[in-house]
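Protein chains: 2
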Amino acid sequence: MQPESRSTALSGRIVISIDAMGGDRGPVAVIGGLAEAAGRNPDVEFILHGPEEELTRLLAKRPEVAARCTIRHAAGVVTMEDKPGQVMRHGEGTSMWSAIESVRNREATAAVSCGNTGALMALSVIRLRKLPGVNRPAIACLWPSRNPGGFNLMLDVGADIKADAPDLLQFALMGTSYARNGLGLARPRIGLLNVGTEEHKGRAELKAAHELIAGATELGQFDYVGFVEGGDLPSDRVDVIVTDGFTGNVALKTGEGTARLVGDFLREAFNAGLLSRFGGLLALGALERLQQRIDPRRVNGGVFLGLNGTVVKSHGSADATGVAAAIDLAFRLAKSGFQERLAARVASVAQARQDAAEGGTTNGTSE
Amino acid sequence: MQPESRSTALSGRIVISIDAMGGDRGPVAVIGGLAEAAGRNPDVEFILHGPEEELTRLLAKRPEVAARCTIRHAAGVVTMEDKPGQVMRHGEGTSMWSAIESVRNREATAAVSCGNTGALMALSVIRLRKLPGVNRPAIACLWPSRNPGGFNLMLDVGADIKADAPDLLQFALMGTSYARNGLGLARPRIGLLNVGTEEHKGRAELKAAHELIAGATELGQFDYVGFVEGGDLPSDRVDVIVTDGFTGNVALKTGEGTARLVGDFLREAFNAGLLSRFGGLLALGALERLQQRIDPRRVNGGVFLGLNGTVVKSHGSADATGVAAAIDLAFRLAKSGFQERLAARVASVAQARQDAAEGGTTNGTSE
Numbered sequence: 001m002q003p004e005s006r007s008t009a010l011s012g013r014i015v016i017s018i019d020a021m022g023g024d025r026g027p028v029a030v031i032g033g034l035a036e037a038a039g040r041n042p043d044v045e046f047i048l049h050g051p052e053e054e055l056t057r058l059l060a061k062r063p064e065v066a067a068r069c070t071i072r073h074a075a076g077v078v079t080m081e082d083k084p085g086q087v088m089r090h091g092e093g094t095s096m097w098s099a100i101e102s103v104r105n106r107e108a109t110a111a112v113s114c115g116n117t118g119a120l121m122a123l124s125v126i127r128l129r130k131l132p133g134v135n136r137p138a139i140a141c142l143w144p145s146r147n148p149g150g151f152n153l154m155l156d157v158g159a160d161i162k163a164d165a166p167d168l169l170q171f172a173l174m175g176t177s178y179a180r181n182g183l184g185l186a187r188p189r190i191g192l193l194n195v196g197t198e199e200h201k202g203r204a205e206l207k208a209a210h211e212l213i214a215g216a217t218e219l220g221q222f223d224y225v226g227f228v229e230g231g232d233l234p235s236d237r238v239d240v241i242v243t244d245g246f247t248g249n250v251a252l253k254t255g256e257g258t259a260r261l262v263g264d265f266l267r268e269a270f271n272a273g274l275l276s277r278f279g280g281l282l283a284l285g286a287l288e289r290l291q292q293r294i295d296p297r298r299v300n301g302g303v304f305l306g307l308n309g310t311v312v313k314s315h316g317s318a319d320a321t322g323v324a325a326a327i328d329l330a331f332r333l334a335k336s337g338f339q340e341r342l343a344a345r346v347a348s349v350a351q352a353r354q355d356a357a358e359g360g361t362t363n364g365t366s367e
Numbered sequence: 001m002q003p004e005s006r007s008t009a010l011s012g013r014i015v016i017s018i019d020a021m022g023g024d025r026g027p028v029a030v031i032g033g034l035a036e037a038a039g040r041n042p043d044v045e046f047i048l049h050g051p052e053e054e055l056t057r058l059l060a061k062r063p064e065v066a067a068r069c070t071i072r073h074a075a076g077v078v079t080m081e082d083k084p085g086q087v088m089r090h091g092e093g094t095s096m097w098s099a100i101e102s103v104r105n106r107e108a109t110a111a112v113s114c115g116n117t118g119a120l121m122a123l124s125v126i127r128l129r130k131l132p133g134v135n136r137p138a139i140a141c142l143w144p145s146r147n148p149g150g151f152n153l154m155l156d157v158g159a160d161i162k163a164d165a166p167d168l169l170q171f172a173l174m175g176t177s178y179a180r181n182g183l184g185l186a187r188p189r190i191g192l193l194n195v196g197t198e199e200h201k202g203r204a205e206l207k208a209a210h211e212l213i214a215g216a217t218e219l220g221q222f223d224y225v226g227f228v229e230g231g232d233l234p235s236d237r238v239d240v241i242v243t244d245g246f247t248g249n250v251a252l253k254t255g256e257g258t259a260r261l262v263g264d265f266l267r268e269a270f271n272a273g274l275l276s277r278f279g280g281l282l283a284l285g286a287l288e289r290l291q292q293r294i295d296p297r298r299v300n301g302g303v304f305l306g307l308n309g310t311v312v313k314s315h316g317s318a319d320a321t322g323v324a325a326a327i328d329l330a331f332r333l334a335k336s337g338f339q340e341r342l343a344a345r346v347a348s349v350a351q352a353r354q355d356a357a358e359g360g361t362t363n364g365t366s367e
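Heads up: the sequence lines are chains A and B, in that order. Each residue of the first sequence is one higher than the one before, counting from 1 in my numbering. Each residue of the second sequence is one higher than the one before, counting from 1 in my numbering.
The shape of chain A in the complex, shown without the other chains (with noise of 0.2 Å):
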């Protein structure tokens, strides 16, 4: 246990706490996500992980951020190249470590961090331990969407390389509670993701959790859509897309390659002569409004679901914007009391299959 710096930051608000180490742009791009995040949310305290001496020298020059922050010193910093079982054998000390342990012994909400995926959700998984009928935790992206809210929400992209049907039943139960507290969404519309839509197709597993998912609609208070296609990802018709996390993990890398692509091809385009240039000169306007749509910075923010604890993973190389978006999902989240819900709604069907395999009647109560 490393000493504290500084006592625990007042109460009446929410407390995320933050790994400020771990990024590809070091402790400085954390801090100026601190001093946005803390801009835009007034009852926003952090709790800052990392070496006190550096972290104090960069806290000096934001007093604004300063007056919201408590300093937790730990000395260790997990790398990028850190392996998970190494880390959570050897990573007490750590930032990332220090950080999670704020959320075990509730002193904050939620935890943030940059760092390495891996590790994190190891650390997650030991310190924090799984939610009472959960068996695969799983990470819950934003994807930009056409639906009016401009995002959908995929689960899981990365937490686990494998899902059975029970488990994609958990992540639709999950994403439920997501959508509700994070997108403001009453009944979200669930996707299961697969190779086509008709039901003769796909992988077995793919079969029974559609047969599953479509009998826990009215306990989880959710709609299911059935199977949805690679295509889906931004459609209108959905909002929440249910998957295992190597499926979720290539479409979101592939998602984000492609936007990254046609915008390289777009600058390239407008930089090809005199009259494209004039013409995207005029059009500034509308290619930031193009480039806000689908900033993968806004979107900025892995958040972990089925453990005791709300933990948010920000890209690595995620700048001041990208951190202060990955921070304003934690408060958002902990602000609805996101965690005791998500908690309620897996055991609620958990306790209802438990009845229905033990002959017991289904109670489809909906609160």
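It cannot be assumed that every hint is accurate.
One copy or two, it doesn't matter: identical chains are merged, so the pair holds either way.
What the hints assert, rightly or not - DMTMM-like, lysine to aspartate or glutamate: derived pairs with alpha carbons at most 20 Å apart:
1. LYS162 - GLU205
2. LYS61 - GLU45
3. LYS201 - ASP160
4. LYS201 - GLU211
5. LYS130 - ASP164
6. LYS61 - GLU268
7. LYS201 - ASP82
8. LYS162 - GLU268
9. LYS201 - GLU81
10. LYS83 - ASP24
11. LYS130 - ASP160
12. LYS207 - GLU81
In case anyone wonders, no lab produced these hints; they're calculated from the structure.
With the hints as your guide, set chain B onto chain A.
Same frame as chain A, now just chain B:
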């Protein structure tokens, strides 16, 4: 067997067998595609399969196409809703079946169809049969990329829903043949799609495939760059991306969906406000160049690999330009002797693996 309505195409030219029916836009779009492709390739001839009366009427308006076409009557049509199993049992007499038959009996070097993918694959497998040494056929597609040629290759994008390690090795070999003969790359760089580039990540079959592919580079005449991620699909550090058909299909459709989303957002952005519209007008050339680089019609044509004959699947919604791109691809592959080279490459590596398993020495000839 359907009666021939004309004599077989003249010798000395490349004959492509065309399924005129089954696409969303009907035979008019297909015949438009024949016209475009015939204009570009003076050495191509077609056998056109479908209802004779209708095709004769349509071709009467296109004498320049009619001169290069033999009509082969087939009254039946495979619809997008037909299940592959039904088509396998009752598909004789359809234009799709007939189009494959022309490749089977060596009247044509390759077949092109815009119809139902599952049915086309099922018919291709039962009528053409798998190449000796091939366990799972694969569908390969082109992907816009940062490479000088403008395209990368990915397989399998949906022939099957799984692939084990030896299948993935075969995909690497078949992808190599396609890249050499279709894209003109003497020694293509192969990557294996995974959720991370580190060797300790991913599923067990991927680790086994990693070893197999790394051990076959000399005999297979390719380079191996190791694991790649979804973001690398358009990358210039790889030419051929190998994956199972489930993951590849999700990635393909995710990429297409993302490009479409960005394109729609771009149009909306340019239509919002007079200045943007004027700028967009001036930059029309730039926008058209962009459109061309990401136009899905240019990369139209999934090639079925691993069968005794080449079959190219065009998008169901392809217009004349899309159909023409698929025909160009079939023509290029047919002209290069791709089919025989692919068979030889797969056979030589299968033989070497068998020799090694039997304790013989691997004879790494590289002609």
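Hint check results:
1. LYS162 - GLU205: both (11 Å within a copy, 13 Å between copies)
2. LYS61 - GLU45: Within. Shortest intra-copy distance 18 Å satisfies the 20 Å Cα cut-off; inter-copy 75 Å does not.
3. LYS201 - ASP160: between (24 Å within a copy, 10 Å between copies)
4. LYS201 - GLU211: Within one copy only: 14 Å inside a chain, 31 Å across chains, cut-off 20 Å.
5. LYS130 - ASP164: Intra 17 Å, inter 32 Å, cutoff 20 Å: intra-copy only.
6. LYS61 - GLU268: Classified as neither: same-chain Cα gap 39 Å, cross-chain 42 Å, threshold 20 Å.
7. LYS201 - ASP82: between (40 Å within a copy, 13 Å between copies)
8. LYS162 - GLU268: neither (39 Å within a copy, 38 Å between copies)
9. LYS201 - GLU81: between (39 Å within a copy, 12 Å between copies)
10. LYS83 - ASP24: within (17 Å within a copy, 50 Å between copies)
11. LYS130 - ASP160: Answer is within: at 14 Å inside a copy they meet the 20 Å cutoff, but 35 Å across does not.
12. LYS207 - GLU81: between (38 Å within a copy, 19 Å between copies)
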